[in-house]
Amino acid sequence: MVSSIVATSDTTLKKYEELDPDVRLMLQVRDDHAAAFEELVARYQVRLISIFQHSLGEREQAEDLAQEVFLRVYRARKRYIPSSRFSTWLFTIAHNVASNARRSRYRRREVQVTGRSTSSFSASPLAQMIEAASGLHPTRRLDRTERAQLVHLAMETLSDRQRMALLLSKFEGMSYAEIGEIMELTTSAIKSLLSRARGNLRDILQPYVTNGAMPGKTRNRGRTDKEFPPESTDSLVERDDESTSEVD
Amino acid sequence: MSQEAENVNDSTRIEQAEMVAYLDGELDVQQVADVEKRLSEDSEYRVRLQQLQQAWDLLDELPRSKGDEQFTRSTVEIVVVKAREEAERRAWLPRLGGLLLVVGVSLAGYLLSWQLANRDNRQLIQDLPVIEKMSQYKQAESLEFLRMLVKEGVFETEGKDGL
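Going down the list, the sequences are from chains A and B. The first sequence begins at 1 in our numbering and counts up one residue at a time. The second sequence begins at 249 in our numbering and counts up one residue at a time.
Here chain A stands alone, though its shape is the one from the complex (with noise of 0.2 Å):
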């Protein structure tokens, strides 16, 4: 039984050691080739970095927490048995360090939401951009900054989880198997989530698609008001509170 555990993870470890680069050089890490640690970085950081930018919001803490999971890396180096993908490996410290990085943002601002009085908050940032585009410029489109900006926004009114899967998704093209590995989620839950992410960001996004104007401000022909929610961008959010439930 235990000869043919070890056989077993003999035959992973040389699967995954022959098939994945990264893992051939975090191997050469861990017998202390720095030239190999530094090619990692050189791969990784930049996909980091936009994943932690795009998640969290801020360049500044993105290029901190990428270096924080560069130190675990390192640290971690001597103990690294490769029983997946080298970037499976990375994202899900990645994953980890952004789930800690959230959490402590909201200790701070519940410090700071302590004692404030609930009319001094403003509407959401969408709400806002939408507000102050659509006063100026009713019917123009916007430009390529806009985009980014609205694209972001709209980002931002996803739940972490389905922000997370999103952007493994789409920037690393992973599969569903390696999302769910990544986040501790099955692979059903992960279909079920990026659903219900792209759910929402089609219905955000779509004003824009169909005639170039600010979400909110004109209808999607082709529904009628039951199937199109409120123009609150809030209400057009469908949030994964379920989002471990499956969808087969």
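FYI, nobody ran anything at the bench for these hints, they're computed from the structure. Hints may be right or wrong, so weigh each one.
Facing chain B, a subset of chain A residues (Cβ under 7 Å, in silico) [unchecked claim]:
1) 45
2) 71
3) 194
4) 205
Here the structure is a predicted model, which is why all the values come from computation and not from measurement. Here a beta-carbon is modelled for each residue, glycine too, at the ideal position from N, C-alpha and C.
Given chain A, work out where chain B should sit, using these hints.
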């Protein structure tokens, strides 16, 4: 919400999940064939799929970070320096423990020897009056003779420490 409305919602969700999985290349051959058959027959279904794809394509508008060699090198340096500092801190812990142990043992040894040395001194101090008059005591023939002299008041002028 009525049971009927819930069923419609569930079926819409399942249908949307299938469409998204189709776009993501996550369906098996049979499921792909089913979706494509529906696409060819149902224009509304086709529109919904296009809308999902268009919203997905808009994500390309999000700015992508750009890296450079200098940035990579500085990250590597920061990580290696931090890791080394941590390793040094960790390496210091057993050393510090050993150092504290040595200091503790030395202190305990010093206190013990100080105690022992003082015990001898205390005895000497206690015996000092006798030691000072030892030459006189030696001239007496016996302890009984000295006690007799005490009784007769010979040492009274010299104080109680005289004997």
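Hint check, failures only: Failing hints: none at all.
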